[in-house]
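Enquirer: Given the coordinates of chain R, assemble chain U onto it according to the supplied hints.
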Amino acid sequence: MRLLLRKFMARELAKALVFLLSSVPFLILVWRSFRGDLTANPVEFFQHQTGDWTLRFLIFTLCITPFRKLLLLPELIRFRRMLGLFAFFYVCLHFLTYLGPDQSFNVAGMLKDVGKRPFITVGFAAFVLLIPMAITSTAGWIRRLGGKRWQALHRSIYVCAILGVIHYYWLVKADVRKPLFYGFLVGILLIWRLLNWLSKRSQPAVSEVRPVETS
Amino acid sequence: MLIKKTAELTPAQITPKSVYLNRRNFLRGIGIAGAATVAGEGLSALLRHPATVHASTKLATVKSNYTVDEKISSENDVTHYNNFYEFGSEKGDPAKNSQNFRTTPWTVSIEGEVKTPRKFSLDEILKLAPLEERIYRHRCVERWSIVVPWIGYSLNAILKLVEPTAKAKYVAFQSFYDPKQMPQARYTGLDYPYVEGLRLDEAMHPLALLCVGMYGETLPNQDGAPVRMVIPWKYGYKSIKSIVKIKVQSSEPPTTWNRLAPNEYGFYSNVNPNVDHPRWSQATERRLGEIFMHKTLLFNGYSDQVASLYSGMDLKKFH
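So the protein sequences, as listed, match chains R and U.
If you count the first sequence from 1, position 12 lands on 12 in the numbering used here, and the numbers rise without skipping.
In the numbering used here, each residue's number is its place in the second sequence (first place is 1) plus 215.
Chain R with its partners taken away, still in its complex shape:
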């Protein structure tokens, strides 16, 4: 069963499928906007949905490494870049609803708002931090930077996820259940990394599974 799954994940078709699934929230939003069915406050709905999906895709991206090891599915790595780029795609839409409808494309006014409102400051910081990661997500950039430096840069996703949760937590008025839920997931994913790192320091690494051949 696992072997079948791994073989499937090694195929290009699996990537196409993940791409399609990751586009579904966007396609639903497009479809609903054509039907004029984006609730009474379309801008807010679009903004909240794209914000939610950014956090979700950051969480999916952070799931890849622990899931590879815990589920013994090393091929999951093939989807990590795509999931990360989808997080970036949704955050761009999220940011555009803020820059456009909220700030009337007034960049100076927007930057003033960014400086003045802590929840915007952290959200904007997370967005800016995602940009270099999106740019350097190609194989060419991994080569140019070298694995170690590239990895160090891309560890900033941990900071982005934390800032994203804070951004959401500071936004809500009273009902903090959803931001806390995201915070809980991000917390688990980061604590797993911490434990993993601590245990790696005390024992030599042992590869658990060999990769299957990719087609």
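Please keep in mind that the hints were generated in silico from the structure rather than gathered at the bench.
Every value quoted in this text rests on a predicted model; they were computed, and no experiment measured them.
It is possible that part of the hints are untrue.
Each computed DSS-like pair below joins lysine-lysine, with the alpha-carbon atoms no more than 27 angstroms apart [claimed, not checked]: (1) U:Lys-460 with U:Lys-342; (2) U:Lys-330 with U:Lys-384; (3) U:Lys-342 with R:Lys-116; (4) R:Lys-116 with U:Lys-532.
Expert: Structure of chain U alone, referenced to chain R:
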């Protein structure tokens, strides 16, 4: 480079293999469940459609002097985009969760510093004064706004009837609360029952509306049936819904949002573009159904009528 020496382990410190493996299963379980919840919940929220019907009775009204000449918001928007935390904190929750809310029989008790405290049935309230249709601007602290044809009459009509005493300085309002009918309330972060308050002179101002309907009909449950306040120059949360008690008193009453975050929601909560919410600007607002923002007006555009209530007051301090 620092190379840390591995500390020696005693047998008791070594985690048994079964526990170790279980921990993996546990984490795996959490991971899968978490990811599935995140994705599933998100998609279902995207696909959910609001209901569009509500039971209501037509109300006959007379013309009113207190009305603005602006484009009225769509009834469907006003009935499906609500802050009524007793029925859940998402905008679509009240329309969904309030459908079985029982509003008959209903009484409103008026008590405290009044000469003739008494209970009013809803029927008595409906017949106490001629019902007027008033088109008001309504501005939420969250920076969205609507224009609604409310139905009701000035709260002062009923207050005059019970005759406030010389000690009367404030009016406290209380919403209905029944955790059985409002099971979502306890997760929303507010204390219930919802309470609000006005200074007596604010409450006696003719614009302060005791409201029993909108769009020509009785109030839908999600908009605060069967009787609510509408105070058009204050942020929306001051316009308390589903009122069961009005108490006239000598001291300033506690108010729900103020209790939650005193620095963010003051007792007065007058609409004021010059006094920002600590977390966002109040200079602009978005009319439901529109994309870009409008300028917000001082006292929500009702300065001529209400500014005198606050003359000499520091509106930043008493926000």
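Enquirer: Please name the hints from earlier in the document that this structure breaks, with their numbers sorted from lowest to highest.
Expert: Structure breaks hint 3 only.
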